[in-house]
Amino acid sequence: MIKSYIFFKRAILIVGISGSALTTFGQQRIIGTVRPRAEYRDGTGNLPTVGPNSDPAMFVSQRSNLLYGYKWTKLDFQVQLRDVRVWGQDASTISNNDGSRLFLHEAWGDFTIATASDTNCWLKVDNLSLKVGRQEIVYDDVRLLGNLDWLQQGRRHDAAVLKFLHRGYQVDLGAAFNQNTDAFGARGIFYNPQNNGIPASTGNSFKVPVNATLSSVPGTNAIGQMYKMMQYMYASRKWGQTKISGLVFKDDFAKYTVLKGAVNATTKIAAADTNFYNDDRNYNSRWTMGGNFSTQLGNASSGGKLTIAGGGFIQRGNNKAGANLEAYMANLSVMYQKGKFQVGPAIDYLSGNNLNSPNGSGTDNRFDPLYGTPHRWWGYMDYYYAGTGGPIGGLINSQIRARYTANRYFITVDYHNFMSDMPLKDDYSSDFTKDLGNEIDVVLNYNVNKFVNLELGYSKYFGATESTALTKGQTIKDKNSKTVINPNLRREGDWAYAMITIRPDFLFTAPVAINPTTMNTDQLSIKVKELQDQIDEMKTAKEAVPAEGTTAPATNPPSTPDSK
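Heads up: the sequence shown is residues 1 to 564, going by the numbering used here.
Treat the hints with care, as some may be off.
[Unchecked claim] Simulated restraints, written as ranges between beta carbons of each label pair:
hint, residue 1, residue 2, range
1, F462, S302, 34 to 42 Å
2, D83, G362, 38 to 46 Å
3, T509, L165, 28 to 36 Å
4, R503, Y40, 20 to 28 Å
These are computed hints drawn from the structure, not numbers from a lab. A virtual CB, placed ideally from N, CA and C, is assigned to each residue, including glycine.
All chains, full assembly: derive it from the sequences and hints.
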(Lines of atoms letter the chains of each structure in order from A and count residues from 1; the text may use other names and numbers.)
(Lines give C-alpha, C1' and ligand atoms only; values in the text may rest on other atoms or scores of the structure.)
Protein backbone atom coordinates (compact mmCIF):
# COMPACT_ATOMS: atom_id res chain seq x y z
CA MET A 1 0.00 0.00 0.00
CA ILE A 2 2.87 2.36 0.90
CA LYS A 3 4.62 1.48 -2.37
CA SER A 4 1.46 2.29 -4.35
CA TYR A 5 1.14 5.62 -2.55
CA ILE A 6 4.75 6.54 -3.42
CA PHE A 7 4.15 5.71 -7.08
CA PHE A 8 0.88 7.69 -7.10
CA LYS A 9 2.53 10.74 -5.49
CA ARG A 10 5.35 10.63 -8.02
CA ALA A 11 2.85 10.33 -10.89
CA ILE A 12 0.97 13.43 -9.73
CA LEU A 13 4.25 15.37 -9.55
CA ILE A 14 5.29 14.30 -13.06
CA VAL A 15 1.86 15.13 -14.52
CA GLY A 16 2.10 18.61 -13.00
CA ILE A 17 5.63 19.15 -14.34
CA SER A 18 4.79 17.85 -17.80
CA GLY A 19 1.62 19.96 -17.93
CA SER A 20 3.62 23.08 -17.06
CA ALA A 21 6.22 22.28 -19.69
CA LEU A 22 3.64 21.66 -22.38
CA THR A 23 1.88 24.98 -21.80
CA THR A 24 4.96 26.82 -23.03
CA PHE A 25 3.94 25.64 -26.48
CA GLY A 26 0.94 27.23 -28.20
CA GLN A 27 -2.48 25.61 -28.14
CA GLN A 28 -3.82 24.87 -31.61
CA ARG A 29 -7.37 24.26 -32.72
CA ILE A 30 -8.61 22.99 -36.06
CA ILE A 31 -12.40 22.82 -36.38
CA GLY A 32 -14.35 21.90 -39.49
CA THR A 33 -18.05 22.43 -40.22
CA VAL A 34 -20.30 21.02 -42.91
CA ARG A 35 -23.88 22.33 -42.66
CA PRO A 36 -26.31 21.41 -45.44
CA ARG A 37 -29.87 22.75 -45.11
CA ALA A 38 -32.91 21.69 -47.11
CA GLU A 39 -35.69 24.30 -47.32
CA TYR A 40 -39.28 24.42 -48.54
CA ARG A 41 -40.48 27.95 -49.31
CA ASP A 42 -44.06 28.90 -50.05
CA GLY A 43 -44.35 32.43 -48.70
CA THR A 44 -41.04 33.10 -46.98
CA GLY A 45 -39.96 36.73 -46.82
CA ASN A 46 -42.89 37.88 -48.96
CA LEU A 47 -46.51 36.78 -49.37
CA PRO A 48 -46.87 34.01 -51.97
CA THR A 49 -48.75 34.48 -55.24
CA VAL A 50 -51.43 32.36 -56.92
CA GLY A 51 -51.67 31.32 -60.54
CA PRO A 52 -48.89 30.42 -62.98
CA ASN A 53 -45.30 30.31 -61.76
CA SER A 54 -46.40 30.23 -58.13
CA ASP A 55 -45.17 26.77 -57.15
CA PRO A 56 -43.27 26.47 -53.85
CA ALA A 57 -39.48 26.49 -53.93
CA MET A 58 -37.29 23.68 -52.61
CA PHE A 59 -33.50 23.58 -52.46
CA VAL A 60 -30.50 22.55 -50.40
CA SER A 61 -27.84 25.08 -49.48
CA GLN A 62 -24.60 24.24 -47.74
CA ARG A 63 -22.00 25.96 -45.60
CA SER A 64 -18.53 24.41 -45.43
CA ASN A 65 -16.14 25.84 -42.87
CA LEU A 66 -12.56 25.26 -41.77
CA LEU A 67 -11.22 27.09 -38.72
CA TYR A 68 -7.61 27.16 -37.57
CA GLY A 69 -6.65 28.82 -34.31
CA TYR A 70 -3.49 29.23 -32.27
CA LYS A 71 -3.38 30.48 -28.68
CA TRP A 72 -0.28 31.46 -26.74
CA THR A 73 0.10 33.33 -23.46
CA LYS A 74 -0.17 36.78 -25.06
CA LEU A 75 -1.47 35.99 -28.52
CA ASP A 76 -4.68 34.55 -29.90
CA PHE A 77 -4.80 33.96 -33.68
CA GLN A 78 -7.62 32.58 -35.84
CA VAL A 79 -8.32 32.08 -39.54
CA GLN A 80 -11.65 30.76 -40.83
CA LEU A 81 -12.41 29.69 -44.40
CA ARG A 82 -16.03 29.38 -45.51
CA ASP A 83 -17.70 28.18 -48.70
CA VAL A 84 -21.43 28.67 -49.39
CA ARG A 85 -23.34 27.32 -52.36
CA VAL A 86 -26.60 25.67 -53.43
CA TRP A 87 -26.51 22.03 -54.39
CA GLY A 88 -26.57 21.63 -58.17
CA GLN A 89 -25.76 25.23 -59.04
CA ASP A 90 -22.32 24.22 -60.33
CA ALA A 91 -21.23 21.67 -62.90
CA SER A 92 -19.12 18.73 -61.73
CA THR A 93 -16.07 20.79 -62.72
CA ILE A 94 -16.08 24.52 -62.00
CA SER A 95 -15.21 26.61 -65.04
CA ASN A 96 -13.34 29.91 -65.11
CA ASN A 97 -16.64 31.70 -65.80
CA ASP A 98 -18.08 30.81 -62.41
CA GLY A 99 -18.23 33.54 -59.81
CA SER A 100 -16.17 33.45 -56.64
CA ARG A 101 -17.92 31.22 -54.09
CA LEU A 102 -15.09 30.52 -51.67
CA PHE A 103 -14.20 33.40 -49.38
CA LEU A 104 -12.34 34.19 -46.21
CA HIS A 105 -14.78 34.57 -43.34
CA GLU A 106 -12.34 35.32 -40.53
CA ALA A 107 -8.65 36.15 -40.32
CA TRP A 108 -7.70 38.05 -37.19
CA GLY A 109 -5.05 38.32 -34.51
CA ASP A 110 -5.68 39.36 -30.90
CA PHE A 111 -2.51 40.23 -29.00
CA THR A 112 -2.17 41.28 -25.37
CA ILE A 113 -0.77 44.75 -24.66
CA ALA A 114 -1.02 44.65 -20.88
CA THR A 115 -2.19 42.23 -18.24
CA ALA A 116 -2.18 42.17 -14.45
CA SER A 117 0.02 39.06 -14.37
CA ASP A 118 2.79 40.74 -16.39
CA THR A 119 5.33 42.04 -13.87
CA ASN A 120 7.21 43.97 -16.56
CA CYS A 121 4.21 46.12 -17.51
CA TRP A 122 3.49 49.36 -15.66
CA LEU A 123 -0.20 49.32 -16.64
CA LYS A 124 -1.94 47.04 -14.17
CA VAL A 125 -5.25 46.02 -15.75
CA ASP A 126 -6.87 42.63 -16.04
CA ASN A 127 -6.43 42.69 -19.80
CA LEU A 128 -5.76 45.18 -22.59
CA SER A 129 -5.52 43.76 -26.10
CA LEU A 130 -5.87 44.72 -29.76
CA LYS A 131 -7.80 42.55 -32.21
CA VAL A 132 -7.08 43.32 -35.86
CA GLY A 133 -8.32 41.78 -39.10
CA ARG A 134 -11.45 40.26 -40.58
CA GLN A 135 -13.63 39.37 -37.63
CA GLU A 136 -17.13 38.92 -36.31
CA ILE A 137 -18.42 41.78 -34.13
CA VAL A 138 -21.00 40.45 -31.68
CA TYR A 139 -22.47 42.17 -28.62
CA ASP A 140 -25.30 41.51 -26.17
CA ASP A 141 -28.54 40.23 -27.74
CA VAL A 142 -27.25 40.65 -31.37
CA ARG A 143 -30.18 42.89 -32.31
CA LEU A 144 -27.76 45.53 -33.61
CA LEU A 145 -24.38 43.80 -33.90
CA GLY A 146 -24.20 40.07 -34.59
CA ASN A 147 -22.52 37.47 -36.78
CA LEU A 148 -25.79 36.59 -38.58
CA ASP A 149 -24.91 32.92 -38.18
CA TRP A 150 -28.23 31.68 -39.55
CA LEU A 151 -27.26 33.03 -42.97
CA GLN A 152 -24.91 30.51 -44.55
CA GLN A 153 -22.28 33.15 -45.35
CA GLY A 154 -22.67 34.95 -42.01
CA ARG A 155 -21.37 38.47 -41.42
CA ARG A 156 -17.91 39.85 -40.70
CA HIS A 157 -16.09 43.19 -40.64
CA ASP A 158 -12.57 44.28 -41.57
CA ALA A 159 -11.79 46.22 -38.42
CA ALA A 160 -9.50 46.92 -35.47
CA VAL A 161 -10.88 46.63 -31.92
CA LEU A 162 -9.06 47.79 -28.77
CA LYS A 163 -10.41 45.74 -25.84
CA PHE A 164 -10.15 46.80 -22.19
CA LEU A 165 -11.22 44.56 -19.30
CA HIS A 166 -10.74 45.36 -15.61
CA ARG A 167 -12.64 44.39 -12.46
CA GLY A 168 -15.91 43.67 -14.23
CA TYR A 169 -15.72 46.67 -16.57
CA GLN A 170 -15.45 46.13 -20.32
CA VAL A 171 -14.73 48.86 -22.87
CA ASP A 172 -14.20 48.17 -26.58
CA LEU A 173 -13.18 50.77 -29.16
CA GLY A 174 -13.58 49.69 -32.78
CA ALA A 175 -12.94 51.27 -36.16
CA ALA A 176 -12.97 50.33 -39.85
CA PHE A 177 -11.82 52.06 -43.04
CA ASN A 178 -12.84 50.60 -46.40
CA GLN A 179 -11.06 51.16 -49.68
CA ASN A 180 -11.34 49.66 -53.16
CA THR A 181 -7.74 49.21 -54.20
CA ASP A 182 -4.11 49.64 -53.23
CA ALA A 183 -2.98 50.21 -56.83
CA PHE A 184 -0.23 52.80 -57.25
CA GLY A 185 -2.22 54.75 -59.83
CA ALA A 186 -5.27 55.18 -57.59
CA ARG A 187 -5.74 58.61 -56.07
CA GLY A 188 -8.01 59.95 -53.36
CA ILE A 189 -9.98 57.98 -50.82
CA PHE A 190 -13.37 57.83 -52.53
CA TYR A 191 -15.03 54.49 -52.06
CA ASN A 192 -17.24 52.66 -54.51
CA PRO A 193 -19.00 50.33 -52.06
CA GLN A 194 -19.50 46.67 -52.77
CA ASN A 195 -23.09 45.46 -53.25
CA ASN A 196 -24.28 49.05 -53.58
CA GLY A 197 -27.46 48.14 -55.42
CA ILE A 198 -30.43 48.18 -53.05
CA PRO A 199 -32.55 45.07 -53.72
CA ALA A 200 -36.26 45.85 -53.63
CA SER A 201 -38.50 43.46 -51.72
CA THR A 202 -40.25 42.72 -55.04
CA GLY A 203 -37.08 41.06 -56.29
CA ASN A 204 -36.03 43.84 -58.64
CA SER A 205 -32.83 45.80 -58.21
CA PHE A 206 -32.55 49.54 -58.30
CA LYS A 207 -29.90 51.94 -57.13
CA VAL A 208 -31.76 54.69 -55.31
CA PRO A 209 -35.43 54.57 -54.25
CA VAL A 210 -37.61 57.38 -55.56
CA ASN A 211 -38.35 58.23 -51.95
CA ALA A 212 -36.01 56.40 -49.63
CA THR A 213 -38.09 57.18 -46.54
CA LEU A 214 -41.24 55.66 -48.06
CA SER A 215 -39.77 52.60 -49.78
CA SER A 216 -39.43 49.04 -48.50
CA VAL A 217 -35.64 48.81 -48.45
CA PRO A 218 -33.71 46.17 -46.50
CA GLY A 219 -31.33 48.54 -44.70
CA THR A 220 -27.86 47.54 -43.61
CA ASN A 221 -28.90 44.05 -42.48
CA ALA A 222 -28.78 43.22 -46.18
CA ILE A 223 -25.72 45.51 -46.51
CA GLY A 224 -26.92 47.41 -49.60
CA GLN A 225 -24.47 50.32 -49.65
CA MET A 226 -21.50 49.30 -47.52
CA TYR A 227 -20.10 51.87 -45.13
CA LYS A 228 -16.92 53.73 -46.02
CA MET A 229 -15.89 54.05 -42.37
CA MET A 230 -17.27 53.10 -38.99
CA GLN A 231 -16.30 53.78 -35.38
CA TYR A 232 -17.88 52.55 -32.17
CA MET A 233 -17.50 52.35 -28.42
CA TYR A 234 -19.06 49.58 -26.36
CA ALA A 235 -18.98 49.61 -22.55
CA SER A 236 -20.47 47.20 -20.03
CA ARG A 237 -20.42 46.42 -16.33
CA LYS A 238 -21.55 43.24 -14.63
CA TRP A 239 -22.60 42.84 -11.00
CA GLY A 240 -23.39 39.22 -10.20
CA GLN A 241 -26.35 38.28 -12.42
CA THR A 242 -26.98 41.87 -13.60
CA LYS A 243 -25.36 43.45 -16.64
CA ILE A 244 -25.68 46.96 -18.08
CA SER A 245 -24.13 47.99 -21.38
CA GLY A 246 -23.99 51.01 -23.67
CA LEU A 247 -23.17 51.43 -27.35
CA VAL A 248 -22.31 54.42 -29.54
CA PHE A 249 -21.97 53.39 -33.19
CA LYS A 250 -21.22 55.71 -36.11
CA ASP A 251 -21.13 54.54 -39.72
CA ASP A 252 -20.24 56.85 -42.61
CA PHE A 253 -21.58 56.35 -46.13
CA ALA A 254 -20.02 57.84 -49.23
CA LYS A 255 -22.14 60.49 -50.93
CA TYR A 256 -23.02 59.73 -54.52
CA THR A 257 -24.47 61.25 -57.66
CA VAL A 258 -27.14 59.45 -59.68
CA LEU A 259 -26.07 59.30 -63.31
CA LYS A 260 -28.95 58.84 -65.74
CA GLY A 261 -28.44 56.08 -68.25
CA ALA A 262 -27.58 57.20 -71.77
CA VAL A 263 -30.30 56.80 -74.43
CA ASN A 264 -29.43 54.55 -77.34
CA ALA A 265 -29.82 56.50 -80.60
CA THR A 266 -31.20 53.48 -82.47
CA THR A 267 -33.42 51.73 -79.94
CA LYS A 268 -34.31 54.88 -77.98
CA ILE A 269 -33.92 52.81 -74.83
CA ALA A 270 -32.11 54.33 -71.89
CA ALA A 271 -29.47 52.36 -70.07
CA ALA A 272 -29.86 51.71 -66.36
CA ASP A 273 -29.08 54.52 -63.95
CA THR A 274 -25.88 54.16 -61.96
CA ASN A 275 -24.44 55.58 -58.77
CA PHE A 276 -21.24 57.60 -59.11
CA TYR A 277 -19.30 57.85 -55.86
CA ASN A 278 -17.11 60.82 -56.69
CA ASP A 279 -16.89 62.61 -53.35
CA ASP A 280 -13.87 61.62 -51.25
CA ARG A 281 -14.32 64.20 -48.49
CA ASN A 282 -18.01 64.28 -47.55
CA TYR A 283 -20.08 61.49 -46.06
CA ASN A 284 -23.55 60.83 -44.75
CA SER A 285 -22.95 59.94 -41.10
CA ARG A 286 -25.43 57.96 -39.03
CA TRP A 287 -25.25 57.80 -35.23
CA THR A 288 -26.83 54.98 -33.20
CA MET A 289 -26.77 55.39 -29.41
CA GLY A 290 -28.33 53.48 -26.53
CA GLY A 291 -27.93 50.56 -24.18
CA ASN A 292 -29.12 47.20 -22.87
CA PHE A 293 -29.68 45.63 -19.47
CA SER A 294 -30.32 42.11 -18.19
CA THR A 295 -30.78 40.57 -14.76
CA GLN A 296 -31.68 37.21 -13.24
CA LEU A 297 -33.68 36.57 -10.09
CA GLY A 298 -34.13 33.28 -8.27
CA ASN A 299 -32.99 29.78 -9.16
CA ALA A 300 -34.38 27.48 -11.87
CA SER A 301 -33.91 24.36 -9.75
CA SER A 302 -35.87 25.63 -6.74
CA GLY A 303 -38.55 28.31 -6.89
CA GLY A 304 -37.85 29.27 -10.48
CA LYS A 305 -35.60 31.78 -12.25
CA LEU A 306 -36.81 35.05 -13.73
CA THR A 307 -34.73 36.70 -16.47
CA ILE A 308 -35.55 40.29 -17.41
CA ALA A 309 -33.84 42.00 -20.34
CA GLY A 310 -34.41 45.15 -22.34
CA GLY A 311 -32.84 47.98 -24.25
CA GLY A 312 -33.38 51.24 -26.07
CA PHE A 313 -31.61 53.08 -28.91
CA ILE A 314 -31.97 56.23 -30.98
CA GLN A 315 -30.63 57.09 -34.43
CA ARG A 316 -29.60 60.59 -35.49
CA GLY A 317 -27.63 62.18 -38.30
CA ASN A 318 -28.33 61.18 -41.90
CA ASN A 319 -29.35 57.97 -43.60
CA LYS A 320 -27.44 56.57 -46.58
CA ALA A 321 -29.40 58.74 -49.02
CA GLY A 322 -28.62 61.90 -47.02
CA ALA A 323 -32.05 62.48 -45.42
CA ASN A 324 -32.23 63.64 -41.81
CA LEU A 325 -32.68 60.72 -39.44
CA GLU A 326 -34.75 60.63 -36.24
CA ALA A 327 -35.59 57.05 -35.29
CA TYR A 328 -36.10 54.94 -32.18
CA MET A 329 -35.97 51.34 -31.03
CA ALA A 330 -36.88 49.65 -27.72
CA ASN A 331 -37.39 46.10 -26.47
CA LEU A 332 -38.34 44.29 -23.27
CA SER A 333 -38.53 40.58 -22.49
CA VAL A 334 -39.32 38.46 -19.44
CA MET A 335 -38.52 34.76 -19.26
CA TYR A 336 -39.53 32.44 -16.40
CA GLN A 337 -37.64 29.15 -16.04
CA LYS A 338 -38.61 26.24 -13.83
CA GLY A 339 -36.48 23.16 -14.26
CA LYS A 340 -36.20 22.37 -17.97
CA PHE A 341 -39.10 24.57 -19.09
CA GLN A 342 -39.00 28.28 -19.98
CA VAL A 343 -41.78 30.63 -21.06
CA GLY A 344 -42.26 34.37 -21.27
CA PRO A 345 -43.47 37.40 -23.27
CA ALA A 346 -41.42 39.94 -25.21
CA ILE A 347 -42.08 43.08 -27.22
CA ASP A 348 -40.03 45.02 -29.79
CA TYR A 349 -40.71 48.53 -31.02
CA LEU A 350 -38.99 50.01 -34.09
CA SER A 351 -40.16 53.41 -35.34
CA GLY A 352 -41.29 53.99 -38.92
CA ASN A 353 -42.56 56.62 -41.34
CA ASN A 354 -46.12 57.95 -41.38
CA LEU A 355 -47.64 57.24 -44.79
CA ASN A 356 -50.71 59.37 -44.03
CA SER A 357 -48.66 62.54 -43.75
CA PRO A 358 -45.07 62.06 -44.91
CA ASN A 359 -42.70 64.52 -43.29
CA GLY A 360 -42.35 67.41 -45.69
CA SER A 361 -38.79 68.08 -44.54
CA GLY A 362 -37.69 64.66 -45.75
CA THR A 363 -36.88 63.37 -42.26
CA ASP A 364 -36.56 59.59 -42.07
CA ASN A 365 -38.15 58.13 -38.92
CA ARG A 366 -37.53 54.48 -39.75
CA PHE A 367 -35.05 52.74 -37.45
CA ASP A 368 -32.41 50.61 -39.17
CA PRO A 369 -31.15 47.79 -36.90
CA LEU A 370 -27.57 48.06 -38.18
CA TYR A 371 -25.60 44.83 -38.60
CA GLY A 372 -27.46 42.46 -36.29
CA THR A 373 -29.24 39.13 -36.55
CA PRO A 374 -32.90 39.86 -37.41
CA HIS A 375 -33.66 36.16 -37.91
CA ARG A 376 -33.36 35.58 -34.18
CA TRP A 377 -35.87 38.20 -33.03
CA TRP A 378 -38.37 39.23 -35.72
CA GLY A 379 -39.65 35.90 -36.98
CA TYR A 380 -37.79 33.00 -38.55
CA MET A 381 -39.52 33.58 -41.91
CA ASP A 382 -37.54 36.82 -42.32
CA TYR A 383 -40.39 39.12 -43.35
CA TYR A 384 -38.90 42.10 -41.53
CA TYR A 385 -35.47 43.76 -41.44
CA ALA A 386 -33.79 40.91 -43.29
CA GLY A 387 -32.71 40.88 -46.93
CA THR A 388 -36.34 40.94 -48.09
CA GLY A 389 -36.98 44.50 -46.91
CA GLY A 390 -37.75 46.61 -43.88
CA PRO A 391 -41.33 47.69 -43.07
CA ILE A 392 -42.07 51.25 -44.17
CA GLY A 393 -44.16 52.11 -41.13
CA GLY A 394 -41.88 50.48 -38.57
CA LEU A 395 -42.73 47.42 -36.49
CA ILE A 396 -44.33 46.41 -33.19
CA ASN A 397 -43.53 42.76 -32.53
CA SER A 398 -45.40 41.17 -29.61
CA GLN A 399 -44.35 37.60 -28.95
CA ILE A 400 -44.54 34.69 -26.53
CA ARG A 401 -41.62 32.28 -26.39
CA ALA A 402 -41.48 28.80 -24.88
CA ARG A 403 -38.59 26.36 -24.63
CA TYR A 404 -38.04 22.87 -23.24
CA THR A 405 -34.45 21.72 -22.76
CA ALA A 406 -33.38 18.13 -22.12
CA ASN A 407 -29.91 16.59 -21.98
CA ARG A 408 -29.40 16.23 -25.74
CA TYR A 409 -32.22 18.21 -27.33
CA PHE A 410 -34.40 21.28 -26.99
CA ILE A 411 -37.73 22.38 -28.48
CA THR A 412 -38.78 26.01 -28.98
CA VAL A 413 -42.20 27.41 -29.92
CA ASP A 414 -42.52 31.15 -30.64
CA TYR A 415 -45.66 33.11 -31.48
CA HIS A 416 -45.42 36.59 -33.07
CA ASN A 417 -48.04 39.26 -33.69
CA PHE A 418 -46.80 41.96 -36.06
CA MET A 419 -48.19 45.48 -36.30
CA SER A 420 -47.07 48.65 -38.04
CA ASP A 421 -45.87 51.46 -35.81
CA MET A 422 -47.31 54.22 -38.03
CA PRO A 423 -50.58 54.45 -40.06
CA LEU A 424 -50.42 53.00 -43.57
CA LYS A 425 -52.04 54.88 -46.41
CA ASP A 426 -51.04 55.88 -49.93
CA ASP A 427 -52.21 58.85 -51.99
CA TYR A 428 -55.40 57.22 -53.30
CA SER A 429 -56.68 54.68 -50.79
CA SER A 430 -58.31 54.90 -47.42
CA ASP A 431 -56.51 54.02 -44.22
CA PHE A 432 -55.17 50.50 -43.98
CA THR A 433 -55.09 48.55 -40.75
CA LYS A 434 -51.89 48.48 -38.72
CA ASP A 435 -52.20 44.71 -38.39
CA LEU A 436 -49.50 42.90 -40.40
CA GLY A 437 -50.24 39.30 -39.48
CA ASN A 438 -48.98 36.52 -37.22
CA GLU A 439 -46.25 33.90 -37.25
CA ILE A 440 -45.56 30.65 -35.40
CA ASP A 441 -42.05 29.16 -35.33
CA VAL A 442 -41.32 25.62 -34.10
CA VAL A 443 -37.77 24.25 -33.82
CA LEU A 444 -36.41 20.88 -32.68
CA ASN A 445 -32.65 20.74 -32.08
CA TYR A 446 -30.93 17.43 -31.25
CA ASN A 447 -27.26 16.72 -30.50
CA VAL A 448 -26.53 13.36 -32.15
CA ASN A 449 -23.06 13.30 -30.62
CA LYS A 450 -20.25 15.68 -29.71
CA PHE A 451 -19.68 16.72 -33.35
CA VAL A 452 -23.06 16.24 -35.08
CA ASN A 453 -26.24 18.28 -34.61
CA LEU A 454 -29.66 17.89 -36.26
CA GLU A 455 -32.22 20.71 -36.44
CA LEU A 456 -35.77 20.63 -37.82
CA GLY A 457 -37.97 23.68 -38.17
CA TYR A 458 -41.42 24.69 -39.37
CA SER A 459 -42.92 28.19 -39.56
CA LYS A 460 -46.35 29.46 -40.54
CA TYR A 461 -47.25 33.06 -41.44
CA PHE A 462 -51.00 33.69 -41.33
CA GLY A 463 -53.51 36.50 -41.02
CA ALA A 464 -51.68 38.77 -43.47
CA THR A 465 -53.54 41.92 -44.55
CA GLU A 466 -53.33 44.51 -47.30
CA SER A 467 -51.04 46.41 -44.97
CA THR A 468 -48.58 43.50 -45.07
CA ALA A 469 -48.30 43.83 -48.83
CA LEU A 470 -48.11 47.62 -48.67
CA THR A 471 -45.38 47.76 -46.05
CA LYS A 472 -43.45 45.08 -47.93
CA GLY A 473 -43.76 46.96 -51.22
CA GLN A 474 -45.72 44.17 -52.91
CA THR A 475 -48.06 46.52 -54.77
CA ILE A 476 -48.90 47.26 -58.41
CA LYS A 477 -50.16 50.28 -60.36
CA ASP A 478 -53.55 50.24 -62.08
CA LYS A 479 -54.36 52.04 -65.35
CA ASN A 480 -54.98 55.28 -63.47
CA SER A 481 -51.55 55.03 -61.79
CA LYS A 482 -53.17 54.30 -58.47
CA THR A 483 -51.44 52.02 -56.01
CA VAL A 484 -53.42 48.83 -55.44
CA ILE A 485 -52.65 45.57 -53.75
CA ASN A 486 -51.48 42.77 -56.01
CA PRO A 487 -54.60 40.56 -56.40
CA ASN A 488 -52.45 37.44 -56.81
CA LEU A 489 -51.05 37.58 -53.29
CA ARG A 490 -52.04 34.93 -50.78
CA ARG A 491 -52.53 35.84 -47.13
CA GLU A 492 -50.44 33.05 -45.59
CA GLY A 493 -47.11 31.31 -46.09
CA ASP A 494 -45.23 28.20 -44.97
CA TRP A 495 -41.59 27.34 -44.44
CA ALA A 496 -39.84 24.17 -43.32
CA TYR A 497 -36.21 23.12 -43.10
CA ALA A 498 -33.95 20.27 -42.03
CA MET A 499 -30.35 21.09 -41.16
CA ILE A 500 -27.43 18.85 -40.23
CA THR A 501 -24.32 20.45 -38.74
CA ILE A 502 -21.18 18.29 -38.75
CA ARG A 503 -18.45 20.08 -36.80
CA PRO A 504 -15.49 17.89 -35.84
CA ASP A 505 -12.66 19.24 -33.71
CA PHE A 506 -9.69 17.60 -35.41
CA LEU A 507 -7.38 18.09 -32.42
CA PHE A 508 -9.84 16.70 -29.88
CA THR A 509 -8.64 13.70 -27.87
CA ALA A 510 -10.77 11.97 -25.30
CA PRO A 511 -9.32 12.44 -21.78
CA VAL A 512 -7.67 9.39 -20.25
CA ALA A 513 -7.74 9.29 -16.48
CA ILE A 514 -5.12 7.59 -14.31
CA ASN A 515 -7.00 6.10 -11.41
CA PRO A 516 -4.62 4.54 -8.85
CA THR A 517 -7.50 2.81 -7.10
CA THR A 518 -8.12 0.62 -10.19
CA MET A 519 -4.42 0.06 -11.05
CA ASN A 520 -1.97 -2.30 -9.51
CA THR A 521 1.60 -1.27 -8.75
CA ASP A 522 2.99 -2.54 -12.05
CA GLN A 523 0.41 -0.67 -14.17
CA LEU A 524 0.99 2.57 -12.28
CA SER A 525 4.74 2.13 -12.61
CA ILE A 526 4.40 1.84 -16.40
CA LYS A 527 2.37 5.05 -16.61
CA VAL A 528 4.91 6.91 -14.48
CA LYS A 529 7.76 5.59 -16.62
CA GLU A 530 6.03 6.81 -19.81
CA LEU A 531 5.58 10.30 -18.38
CA GLN A 532 9.19 10.37 -17.14
CA ASP A 533 10.46 9.41 -20.61
CA GLN A 534 8.46 12.24 -22.19
CA ILE A 535 9.98 14.76 -19.76
CA ASP A 536 13.49 13.44 -20.42
CA GLU A 537 12.98 13.82 -24.18
CA MET A 538 11.82 17.41 -23.73
CA LYS A 539 14.87 18.20 -21.57
CA THR A 540 17.22 16.65 -24.12
CA ALA A 541 15.68 18.64 -26.95
CA LYS A 542 15.95 21.85 -24.93
CA GLU A 543 19.62 21.24 -24.05
CA ALA A 544 20.45 20.57 -27.72
CA VAL A 545 19.29 24.08 -28.70
CA PRO A 546 21.96 26.77 -28.01
CA ALA A 547 20.96 29.68 -25.85
CA GLU A 548 19.92 32.90 -27.56
CA GLY A 549 22.97 34.86 -28.77
CA THR A 550 25.37 31.87 -28.54
CA THR A 551 26.75 29.37 -31.02
CA ALA A 552 26.73 25.62 -30.51
CA PRO A 553 30.23 24.07 -30.19
CA ALA A 554 31.45 22.66 -33.48
CA THR A 555 33.12 19.73 -31.72
CA ASN A 556 29.82 18.45 -30.37
CA PRO A 557 27.36 18.21 -33.27
CA PRO A 558 23.98 16.56 -32.80
CA SER A 559 24.28 12.82 -33.19
CA THR A 560 21.12 12.35 -35.25
CA PRO A 561 19.06 14.53 -37.61
CA ASP A 562 16.04 14.26 -35.29
CA SER A 563 17.92 15.83 -32.39
CA LYS A 564 18.41 19.03 -34.39
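A quick look at each hint next to the structure:
The beta-carbon spacing between F462 and S302, approximately 39 Å, falls within the hinted interval of 34 to 42 Å. Between D83 and G362 the CB atoms are about 43 Å apart, so this pair conforms to the stated range of 38 to 46 Å. Distance hint for T509 and L165: a CB-CB separation of about 31 Å, consistent with the stated range 28 to 36 Å. A hinted range of 20 to 28 Å holds for the C-beta pair R503 and Y40, which are about 25 Å apart.
Of the numbered hints stated above, none is contradicted by the structure.
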